[in-house]
Structure formats: structure tokens, C-alpha cells
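Listed here are the chains, written in short residue letters.
There are 2 protein chains.
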Amino acid sequence: MKFKVSREKMMKALQRVISTIGNRSTLPILGNVLIEAEGAGLKLITTDLEIRISTGVEAAVDEAGRTTVPAKKLLALVSRFTDDELGFECDERHHATLCCGNSKCKLLGLSADDFPADTEFTPVRRLVYKESDLRRIFSQITYAVSLDDSRKVLHGVLCACKDNLVSFVATDGKRLAVVEKLPESFEGTEGEVIIPLRAANEIKRLADGEEKITIEIGDKQAAFITDTVVVTSKLIEGNYPNYRLVIPSRFNSQVSVPTQAFLAKIELVSQVLSDNNSYVVLSFADNQLKVQAASAEIGEGLAIVEIEYAGEPIEVSFNPAFLAEPLRAVAVDHITMNLNDGISPVAIDGSDGFLYVIMPMRNR
Amino acid sequence: MKFKVSREKMMKALQRVISTIGNRSTLPILGNVLIEAEGAGLKLITTDLEIRISTGVEAAVDEAGRTTVPAKKLLALVSRFTDDELGFECDERHHATLCCGNSKCKLLGLSADDFPADTEFTPVRRLVYKESDLRRIFSQITYAVSLDDSRKVLHGVLCACKDNLVSFVATDGKRLAVVEKLPESFEGTEGEVIIPLRAANEIKRLADGEEKITIEIGDKQAAFITDTVVVTSKLIEGNYPNYRLVIPSRFNSQVSVPTQAFLAKIELVSQVLSDNNSYVVLSFADNQLKVQAASAEIGEGLAIVEIEYAGEPIEVSFNPAFLAEPLRAVAVDHITMNLNDGISPVAIDGSDGFLYVIMPMRNR
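So the protein lines, in turn, are chains Z and G. Take the first sequence: its letter number 257 is residue 257 in the working numbering, and every next letter is one higher. Take the second sequence: its letter number 247 is residue 247 in the working numbering, and every next letter is one higher.
Read the hints as simulated data drawn from the structure, not as lab findings. No residue lacks a Cβ here, since even glycine has one placed at the ideal position from N, Cα and C. Warning: the hint list may mix true and false statements.
Unchecked claim - With a Cα cut of at most 30 Å, we get these calculated DSS-like pairs of lysine-lysine:
| id | chain 1 | residue 1 | chain 2 | residue 2 |
| --- | --- | --- | --- | --- |
| 1 | Z | 290 | G | 106 |
| 2 | Z | 106 | G | 290 |
| 3 | Z | 212 | Z | 130 |
| 4 | Z | 290 | G | 2 |
Stated by the list, open to error - Here are some chain G residues the structure puts well away from chain Z; computed CB gaps all over 12 Å:
| id | residue |
| --- | --- |
| 5 | 38 |
| 6 | 43 |
| 7 | 92 |
| 8 | 103 |
| 9 | 149 |
| 10 | 260 |
| 11 | 293 |
| 12 | 322 |
Unchecked claim - Which bits of chain Z does chain G cover? Going by a derived footprint, with three or more residues having C-beta under 8 Å, they are:
| id | segment |
| --- | --- |
| 13 | 8-21 |
| 14 | 105-118 |
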């Protein structure tokens with residue numbers, strides 16, 4: 001196996017696949033990147049047995065072949081070489097020699113035969129989005145994914161294709177974030193699957209352009225395919241709760257609130273709180289939204305957001321982090337707060353397919 | 001006590017003094033900043049009993065007075081307010097009210113009478129440097145300060161004024177870094193003191209301009225005085241070892257080496273090492289400096305730096321971190337490596353007053 005490649009392109013390709021490489025794995029081969037050289041290029045593949053990332057690099061292949069070398073060490077060397085062209089050669093004992101300018105390094109690899117094989121699957125549906133749209137969808141909901149070990153089905157993002165709608169959903173039981181967004185194209189059957197949080201995070205990182213991304217969904221796996229990268233992930237098995245039951249069917253009051261000003265005031269007044277169980281109080285009355293907080297240890301805070309609201313006064317309390325997160329994630333200037341009273345669920349509507357439902361805290 | 005101040009200026013002043021505030025102290029008052037309002041401005045002071053930082057802010061003082069409030073909370077609020085002018089008012093129970101635009105926060109403070117008093121001292125000598133010079137001096141040596149708890153005198157930077165020379169020195173017993181640099185002015189007696197590492201690090205952070213900085217040295221304390229800030233620090237007591245004994249008086253070979261290329265090669269080949277006790281081997285021969293490393297677990301590395309050296313071949317091994325640190329710190333394009341053989345101390349000379357002495361590793 002022998003090839004020449006642009007050092008810069010090799011570095012960027014390795015950076016795309018490096019994130020599945022943990023700090024130490026019980027299986028040494030999982031710390032390695034599989035390099036397949038054939039035709040006019042290379043394929044670089046890493047996996048942690050849950051997520052598999054594959055990417056291509058154009059290269060001048062003198063001798064086709066496959067090997068694996070320690071991924072982080074390879075990236076460290078490729079980043080620190082200083083010349084443009086990188087030569088790579090591997091012997092039958094999987095010793096890889098890298099040449100770049102007047103520097104030469106050898107890495108001890110492992111046989112490509114020991115690298116976990118790709119598992120084929122037959123997609124039951126196929127969705128195509130713009131990369132930036134899918135990145136935004138995941139960014140708007142992933143903070144609400146549960147980190148609680150007892151409910152595995154909540155450890156991912158639901159992707160539900162039903163009644164000609166596609167919904168992406170995350171919840172931890174205390175708040176619910178939903179984005180409804182039709183794909184640019186759709187094939188296959190209706191149904192729903194749970195995409196692990198880590199796969200969603202990889203997509204946020206890798207779908208960094210404006211090209212198309214295809215989601216191929218199978219029974220137990222999904223693949224996310226862009227021009228440069230394929231991310232294959234196991235799906236979370238089990239039944240996601242019926243999130244539609246959580247969304248109130250009607251509200252008494254709808255108030256438009258400027259997103260950034262509201263967020264800034266929540267971040268300001270919550271500085272006087274002393275622990276995570278604290279709350280901020282929102283008071284809607286007389287065309288003002290008062291944001292208030294207090295703690296016996298630190299002090300008090302009051303900030304005012306100008307709104308248009310002349311209805312009955314409503315006072316409602318929230319965990320400030322749960323209120324700030326959707327405001328940081330939405331892309332709209334104004335959100336709509338949908339309210340009934342001080343104890344019923346409140347919905348934040350982004351009017352662009354984004355909906356967030358949160359339970360008030362009962363502090364009195 | 002009552003004043004109005006520019007929010008921006010107050011924020012910058014708080015950022016200057018915030019670094020002495022630890023995460024939690026046994027003495028709550030040490031988490032507070034002392035605010036003294038008088039005449040045309042404020043004085044903000046923090047201390048951790050070892051280092052004291054004081055800075056001024058111009059303000060419109062309506063009612064003079066002194067109080068203390070939690071420093072991190074005050075900075076958090078001042079950073080998150082959105083209007084330009086900040087109003088501050090404090091009652092006799094040390095409750096401080098901050099007003100900014102339509103936001104209002106209250107912080108619970110503590111009496112200024114409980115804040116540790118400043119201890120006066122009489123300087124025995126006074127040195128004046130340009131801020132950028134003193135910042136560079138400390139940056140070039142502080143990485144060599146010992147972190148070993150058993151030798152307290154090595155926990156700081158020696159400042160020795162002797163024989164019309166001023167030397168700043170740091171060592172951990174394995175390597176020694178020295179900068180000799182005459183101040184712009186000098187008054188007082190000769191002598192030497194040990195400045196704690198933390199004080200040196202504060203100066204690197206705070207002496208960020210091109211103005212003058214005055215070092216006033218007393219028996220047990222030193223003060224660093226700039227236009228905007230005064231840092232007072234306790235000195236480390238004890239006798240610093242006679243570092244001059246470590247510097248060889250003569251060398252057989254002197255080799256000029258390009259700093260950045262040498263550093264890049266060390267950083268490259270040391271990637272194949274697997275633990276901290278590893279070494280890189282330098283070979284000087286035939287107008288080449290070969291930088292080599294190897295480990296049984298990862299592989300081998302070889303890189304070449306072009307030099308002018310036609311003398312007897314010399315091979316010498318070093319801890320790569322100890323070799324890289326001075327190269328990152330020096331400000332010159334070429335350093336001079338002063339060598340005798342493969343087992344004697346080697347000196348790196350920056351030809352600008354910087355000298356670094358390092359013992360080779362005996363790996364064979």
C-alpha cells in the first residue's frame with residue numbers, strides 16, 4: 001500500500017472522522033482509522049461500534065491496499081508536518097511510514113481485517129434536507145435531550161414521519177422541543193425512529209455547508225450522507241412517549257416577546273440565584289414583562305421587557321436555564337409566548353416550525 | 001454611598017481585579033471587592049491575603065463611602081446589563097442597589113471595616129521597566145518555576161540586583177531560565193528577593209501596554225505599579241540557590257539554530273512518544289541537526305533542521321517539553337546552542353539577555 005496525498009486535505013479528512021475516537025477504548029483497533037487506498041483516492045473510516053464515520057480524500061495511489069493506524073497520532077503528525085505533500089507507505093506488518101519534506105515518521109498499525117465491518121441495511125425511508133436546515137433543526141432541540149440514565153428512549157431525537165409531516169422531537173420529561181420541517185424530498189413509508197444524541201451532534205458538526213444531506217433510515221440504523229461524509233448510527237430501540245399529549249390544545253393569551261432582549265434579561269436576573277433549583281418569575285401585565293429573581297444569599301434582580309399585553313395579569317415561574325436554552329436556539333426576532341395561567345404548561349412558538357413546551361415551577 | 005459610573009469602565013476595572021477571587025474561600029469577605037467612592041472616582045480592591053490588586057475608575061460620586069460586594073456576582077451583573085450608565089447605591093446594612101436602564105438588582109454586601117487592611121511597607125529598592133519588557137521577562141522564565149511542594153523557595157521568580165546587573169531567574173532543579181535586563185531606572189540598595197509565581201502571572205496579564213511599571217521592593221512585600229493598577233504581593237522567604245554555579249563557564253561548540261523550525265521538529269517527532277519520561281535525541285553533524293524520537297508502542301520520528309556545523313558529531317538527549325518551552329518563549333529568530341558533549345549541561349542563548357541551561361537525559 002502506497003500513496004501520495006495533499007497534507008492539508010488529509011488533515012481536514014482526519015478532522016472529520018476523529019470525533020468517534022475516544023480517549024481509551026478496551027478495543028485498541030477502535031483507536032485506529034481504517035485507510036483504504038484504491039483508484040484515485042482514499043477512504044478514511046472510524047467507528048466506536050455505535051457511530052461510524054467515513055470520508056474520502058483524493059490521492060495518487062501507487063499501490064492499492066488497506067491498513068489501520070492510530071487516528072489521533074496520525075492527525076497529530078499530519079498537523080505538525082510543514083510541507084505540502086505527504087507520502088504514505090505501509091508494509092505487511094502494518095508499519096506505516098509517513099514522509100513529508102525532510103521529516104519521516106513511522107506509526108505501528110493493526111491489520112485492516114480486524115477493523116469492525118460495516119453492516120449493510122435496507123432503508124425503509126429516505127429524507128433529503130439542506131445541510132443548514134438539518135443543522136438548525138438539531139441545534140434547536142438537542143439541548144432538551146434527557147441525560148437521565150433511567151429512560152434510554154429519551155437519550156435521542158425522535159424523527160417522526162406521519163400524516164405528511166416530519167417532526168424532530170427532544171424531551172427530558174420537564175420540557176419538550178419540537179421542530180416540524182418538511183424535507184426537500186421524501187421516499188418510503190411513514191414511521192418513527194430515535195436518533196442518538198451523539199449522532200445528532202455529529203451532524204451539527206459535519207453538515208457545515210449548504211449542500212444536500214440524505215437521511216436513509218432502516219430498522220436499526222440510519223445513515224446521514226453528504227458530499228464529503230457518511231455518518232452511520234445505530235438507532236435507539238423502544239417506544240418514544242406520545243409527545244403530542246403534552247402540547248396544550250388551546251391557550252388564553254398569546255404574547256409576542258423580543259427574543260434577544262428577553263434572553264438578556266433572564267441571564268441578568270438569574271445571576272442573583274444561588275442554586276439550580278431556583279426560579280425566575282415572569283409577570284405579564286400593563287404592556288410589560290417583568291423578569292424577577294431573588295435569593296436569600298445573594299440578592300434580588302428585576303428587569304423589564306416592553307411587550308404588547310393589556311390582558312389579565314399572569315405570573316408564572318420557570319427554571320431560568322430551561323427558559324434561556326430555547327431562546328438561544330431559535331432563529332427568529334420575536335417568539336410567541338402562549339399562556340393559560342400560572343400553573344399550566346406554557347408554549348414558546350418560533351413561528352418557523354419550532355415549538356417548545358415547558359412546565360412552570362410551583363414556587364408558592 | 002452613591003455614585004454613577006460608565007458600565008463599560010466599571011466592567012474593565014472589575015476584570016482587572018477579579019483574578020484574586022477564588023471559587024470558595026473560608027473567609028467570605030475575600031470573595032468581595034472593596035469599593036471606595038471618593039472625590040472624582042472609585043477604587044476597587046481585591047485580595048487573597050497573598051496578593052492584593054487595586055485599580056481606579058472615574059465616577060460621579062454623589063455620596064462618598066466604602067462597602068464590599070461579591071466580586072464575581074457584581075462582574076456578572078455589570079457584564080449583562082445592557083445600558084451605558086450604571087447607578088450604584090448602598091445602604092447602612094451594606095445592601096447595594098445597581099440600576100442600569102430599566103433593570104435593577106440588589107446585592108448583599110459586607111462591611112468595608114471587615115476587609116483586610118493594606119499593610120504599608122518601606123521600599124528598599126525601586127526599579128522601573130517598560131510594561132512590555134517586564135511582561136516578556138516573566139513570560140520567558142515562568143514556565144521553569146518549580147511546582148514541587150518540597151522546595152518553597154523555588155515557587156517563585158528570583159529578582160537579583162547585584163553588581164550593577166538585574167537578573168530574573170526561575171528553576172525547578174532540572175532546568176534554569178535566566179533573563180538579564182537593566183531597568184530604565186534603579187534606586188536603592190542591591191539585594192535579591194523571590195516573587196511568587198502567581199504575582200508574576202498577574203503582571204503578565206495586567207502589564208498589557210507600553211507604559212512604565214514601577215517595582216517597589218520591601219523586605220517582605222513588593223508592589224508593581226502601573227498607570228491603571230497596583231499589585232502588591234508577599235515575597236517568598238528563604239534563600240534562593242546560587243544559580244550561577246549551574247551555568248557552565250565554557251563550551252566546546254556553539255551552534256546557531258533557527259528557533260521556529262527547531263521547535264516545529266521537536267513538536268513533530270515527540271508525537272511518537274508514549275509517556276512523560278521519554279526523550280528526543282539531537283544529533284549535530286555534517287551541517288544537520290537531526291531530531292529523533294521512538295517508542296515501542298507508537299513508532300519512530302526523524303526530522304532534520306539545516307544548520308552550520310562541521311565539528312565533531314555530538315549526540316545529546318532531552319525531555320522534549322523542557323526543550324520546547326524556552327523555544328516558545330524566546331523572541332529571537334535564531335538561538336545559540338552551547339554544547340560540550342552528550343552528558344554535560346547545554347545552554348540555549350537568546351542573545352538578548354535570555355539564557356536557559358538544561359541537563360541532558362542519560363538514556364543509554
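- Query: Does the structure break any of the earlier hints, and which numbers would those be?
  - Reply: 8, 10, 11 and 13
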